[in-house]
Amino acid sequence: MVQQLGYLPESASQTAGPYVHIGCTPNFVGIHGIYAEDLGATPFPEDAPGQRITLTGVVRDGLGKTLNDVMVEFWQADAQGRYGPGAQGFARRASNFETGEWELKTIKPGAVAGMAPHIGVWVVARGINIGLQTRLYFEGDDHSKDPLLTRLEHQNRRDTLIARDTGNGTYRFDICLQGDGETVFLDM
Amino acid sequence: MMKPGEFHQRDRDIHPPALTPGYKTSVARSPRYSLISLQNSVSEITGPVFGHNDVDAGDNDLLTNYAKAGQSPIGERIILHGRVLDENARPVPNTLVEIWQANAGGRYRHKKDTYLAPIDPNFGGCGRTVTDENGYFYFRTVKPGAYPWRNYVNNWRPAHIHVSVFGTAFVQRLITQCYFEGDPFIPLCPIVQTIPDADAIDQLTAKLDLKATIPLDTVAYRFDIILRGRRSTLFENRLEGN
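Taken in sequence, the protein lines are chains A and B. Once you know that position 104 of the first sequence is 104 in UniProt numbering, the rest is easy, because the numbers rise by one and skip nothing. Once you know that position 170 of the second sequence is 170 in UniProt numbering, the rest is easy, because the numbers rise by one and skip nothing.
One thing to keep in mind: the hints can contain errors.
Stated by the list, open to error - In the SDA-like style, the derived pairs of lysine to any residue whose C-alpha atoms are separated by at most 25 Å in a straight line are:
(1) B/Lys207 <-> B/Ser232
(2) B/Lys24 <-> A/His143
(3) B/Lys24 <-> A/Lys108
(4) B/Lys207 <-> B/Gly145
(5) A/Lys108 <-> A/Pro85
(6) B/Lys143 <-> B/Pro187
(7) B/Lys111 <-> A/Thr170
(8) B/Lys207 <-> A/Leu8
(9) A/Lys65 <-> B/Thr114
(10) A/Lys65 <-> A/Val184
Unchecked claim - Facing chain B, a subset of chain A residues (Cβ under 8 Å, in silico):
(11) Met1
(12) Val2
(13) Gln3
Think of the hints as simulated: they come from the structure by calculation, not from any bench. As the structure is a prediction and not an experimental result, all values here were calculated from the model. For each residue, glycine too, the CB sits at the ideal point set by N, CA and C.
With these hints in hand, go ahead and build the complete structure from the sequences.
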């Protein structure tokens, strides 16, 4: 046998399943007393500088049905375009059991390293075998030099990555898992 | 700040594809277009860093973190322990590991779980911990029960514990499931069988670790978790810690 390189294979992903909330947002499903607060409840301290914004959205399947059992995670830079420190800039939301809506109050991120302001988004749910990664950009920003948005071969799909400005610091970002208007997902 | 390195390309051949018709829920929830492959940017090679201050000491003990004083959940008492490593076989220290599971009867504490088996009043079903400097972690819990679900008419999930790991970068983010050695439901489970690689399934199967059991007290299972590793960039400046 020739020499072995000794790399280890990554552990395979498995679906987060229908009960992801028990582990990730237990207070959201009424399991109180174990964690004082669900992880990722607030991405920034109240006194952090920057423009306060509210993001909302739903995740839809290939038949247009809204998922009411999804968990979405967010990772973003601060208003100056810096990541961290610690877990600052991280947030996690479970979709509402009835409406499927999630809402995140955060700070609009600054531009980072030649990229237009954006938030990294990661989606898991029952039926999703491996977490889906995408990005949320903002309507109204200059996207003309962004490396991802400018290099998309199918420019008619870029709007799937851009949160719609719905006024007064609110933005709407719906994710479509499949079919017409399927969101661009990333392999990075 | 030292620029941390990019990551090895994810080997998609060991992961389940998005569309796995044997697991029916994936059919309408799987993207049809190719993922767009891009070089890692600073947005991906960074990630939230949680510390030992973000978790409480008892968070990793599911035998006590929800139980009433002096009581315990019903079931086989187990230790689940192991290390978080990366593809380069280096430990991943100070990273958050979260778990959740059904109770010993196969019932989740969740409004959407209507299985006949009863809720255990002393079992919440979640725990978390931060790995130590060697990437080591451990939990105490009860071994979860198998439970039925309607995929085909008669499917049963093998006993499993859901595991969520962060690593140090957003591209290392992983949610998976830990199975238990010898479970006859493993080869029958449509969710397990979404994984196309038999070795990758074995790698998700915790092994009985008799040497780590506590005599007359608790059985131990060993479960190591491997996350993506950073690329060593030869012919460039050597990265810090590489």
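The hints, checked one at a time:
Distance hint between B/Lys207 and B/Ser232 is unfulfilled; the C-alpha atoms sit about 32 Å from each other, more than 25 Å. Proximity of B/Lys24 to A/His143 is assessed by CA-CA distance (about 38 Å); at most 25 Å being required, the pair is judged violated. At roughly 38 Å between alpha-carbon atoms, B/Lys24 and A/Lys108 are farther apart than 25 Å, so this suggested pair is violated. Between B/Lys207 and B/Gly145 the alpha-carbon distance is near 17 Å, which keeps this suggested pair within the 25 Å criterion.
Proximity of A/Lys108 to A/Pro85 is assessed by CA-CA distance (about 17 Å); at most 25 Å being required, the pair is judged to hold. A hinted pair counts as satisfied when its Cα atoms are at most 25 Å apart, and B/Lys143 with B/Pro187 qualifies at roughly 19 Å. As the CA atoms of B/Lys111 and A/Thr170 are separated by approximately 31 Å, the hinted pair breaks the 25 Å bound. Between B/Lys207 and A/Leu8 the CA atoms are separated by roughly 18 Å; this keeps the pair inside 25 Å, and the hint holds.
A threshold of 25 Å between alpha carbons decides the hint, and for A/Lys65 with B/Thr114 the separation of about 23 Å falls inside it, so the pair holds. Restraint check for A/Lys65 and A/Val184: the C-alpha separation of about 18 Å stays at or below 25 Å, so the hint holds. Of the supplied interface hints, the one on A/Met1 is violated, with its beta-carbon coming no nearer than about 17 Å to a beta-carbon of chain B, more than 8 Å. Below 8 Å, beta-carbon pairs count as interface contacts, and A/Val2 has none with chain B, the closest being about 18 Å; its hint is therefore violated.
The beta carbon of A/Gln3 comes no nearer than 15 Å to any beta carbon in chain B, farther than 8 Å, and the hint placing it at the interface is violated.
The structure fails to meet hints 1, 2, 3, 7, 11, 12, 13 from the earlier list, while all remaining hints are met.
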